[in-house]
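Taken in order, these protein sequences are the chains called A, B and C.
In terms of our numbering, the first sequence opens at residue 970 and continues consecutively.
In terms of our numbering, the second sequence opens at residue 222 and continues consecutively.
In terms of our numbering, the third sequence opens at residue 1180 and continues consecutively.
Treat the hints as calculated values from the structure; they're not laboratory data.
One should not assume that every hint holds.
[Claimed, not checked] Using 30 Å as the maximum straight-line C-alpha spacing, the simulated DSBU-like pairs for lysine-lysine come out as follows:
(1) C:K1323 - A:K1152
(2) C:K1323 - A:K1147
(3) B:K241 - C:K1323
[As the list claims (entries may be wrong)] Which residues of chain B face chain C? A few of them, derived with a C-beta cut under 10 Å, are:
(4) E242
(5) E250
(6) V259
(7) G261
(8) M265
Please read these numbers as outputs of a predicted model, since none were measured by experiment.
C-beta: ideal position from N, C-alpha, C; glycine also.
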Amino acid sequence: MIPAAFDYQRASTLDEALSILADRGEDAKLLAGGHSLLPLMRLRLATPAVLVDIGGLRDLSYVQDRGDEVAIGALTRHRDLQISELLLNQVPVLAHVAGQVGDPQVRHRGTIGGSLAHGDPASDLPAAILALDGTLCARGTSGERTIPATEFFTGFLETALRPDEVLTEIRVPKSPGKFSFKKFNRRAQDWAIVGVVALSDSPARVALVNMASTPVRASATEAALAAGAAANEAAQRASEGLEPPSDTNATTEFRRHLATVLVRRALEEVGL
Amino acid sequence: MSATDLAARPNVVGTRMLRKEDPELLTGEARFVADLMVPGACHMAVLRSPYAHARIASVRLLSGPVHARRDRCLYRC
Amino acid sequence: MQVRMRVNGTEYVHEVEPRLLLVYYLREVVGLTGTNVGCDTSSCGACTVLLDGESVKSCTMLALQADGAEITTIEGLASPDGTLHPVQEAFRQNHALQCGYCTPGMVMAAVSLIREHPDLDEATVREGLEGNLCRCTGYHNIVKAVLAAASAMSAGVPA
């Protein structure tokens, strides 16, 4: 499977990437690690006319302490998140979830920014950033803006990023409390059929993988927990208000069931 | 086979044997069919019907340069 | 476009189409067919090579993304005098291969894994090889081989 032909442009600075995007608009796609985009291009589900390779922008790869927050460069690879001392101490859920993405080879190439900008509801990191109430920073030709994670994922593989913008940084509040990540799949390296990220930090937060057309928070469960419900009771409401997809791996009903079981286990694991 | 021949053969029964083919397979020297590049070889690809149950309505041979020629089947559902 | 990379210590410069994938660059342009294409969908790991010392699936990278990189394929692992790398030797001694098709990728993934985890245990090996599929061995001897290689290497057998 060979991708359709495209123009390849290698950006050596962020400004250069922005000017190519401004020039080529919706015809252009950014290429970071390529582990979401290239498989789609090989299946010809994506046929961008121009690929702007930003993989070489080393200054967008970092994990930094910013007081109450940790800032992560968009081009930081999953492997670097997995072994970051700062994350392991201050946001351990993110290091853990990054270590569960794909397999080691994928984690050597895939980037957090690429995973978020791809906006796949079946990916693990979007749910983690959503549970953490993270903030995403985007740079466009007209300047920089920040987007709360809760407003970032707008539809299936769609995000609030504009065609001329580059996701540059992700900020998450330090959350050293207990966490749980439950990923249910049939084969080791697969995407989650349903996944759950739970954080015990007050207020308790729960985000779901592959339970809607976007990564989502289990709002009904969170509300129940806030009102003092026990884990089991709160977990029963995991899929309330959601329309989970039906595919070869699971029906909508099965996903609803899985969500209640996995959310209960996750909540119990964090001691709620 | 004489008794002397038997004695000269290494005793393989009960002995741990290493496979003869492994060094090639472990160093990338082994050649699988996909690794053979025969000069002038033709390439082919099979385009399968996108329909699970269909009759072949016609088969047309499109003319063109050798390297771009393909048979085309039209499926009728 | 021009692409330049070192493969097994030799510098190569070629003009390539942007859509050329690294695995096809290695196999068809450089001529190193030891790296196999299995699933072609970044699942099976048969195409695993080392990029700057880390395992990657060469079917899910453009050759151009490896511009300026140091690539090691299965052909570049043994010593020039033919002495097998400790991982290759351990695979041989532990019968960790049968048909050998997944082997180059499995060996390269193992080399990267051992580098990242000097103190390997069985669970880490099993998890660390989740990106490589083998349809012959049932994995058991592969895991044994990787553990044996790791302990040989930590005991000072040169890599």
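Quick rundown of the hints versus the structure:
no.: 1; hint: C:K1323 - A:K1152; result: 28 Å, holds
no.: 2; hint: C:K1323 - A:K1147; result: 35 Å, violated
no.: 3; hint: B:K241 - C:K1323; result: 20 Å, holds
no.: 4; hint: E242; result: 7 Å, holds
no.: 5; hint: E250; result: 7 Å, holds
no.: 6; hint: V259; result: 13 Å, violated
no.: 7; hint: G261; result: 16 Å, violated
no.: 8; hint: M265; result: 17 Å, violated
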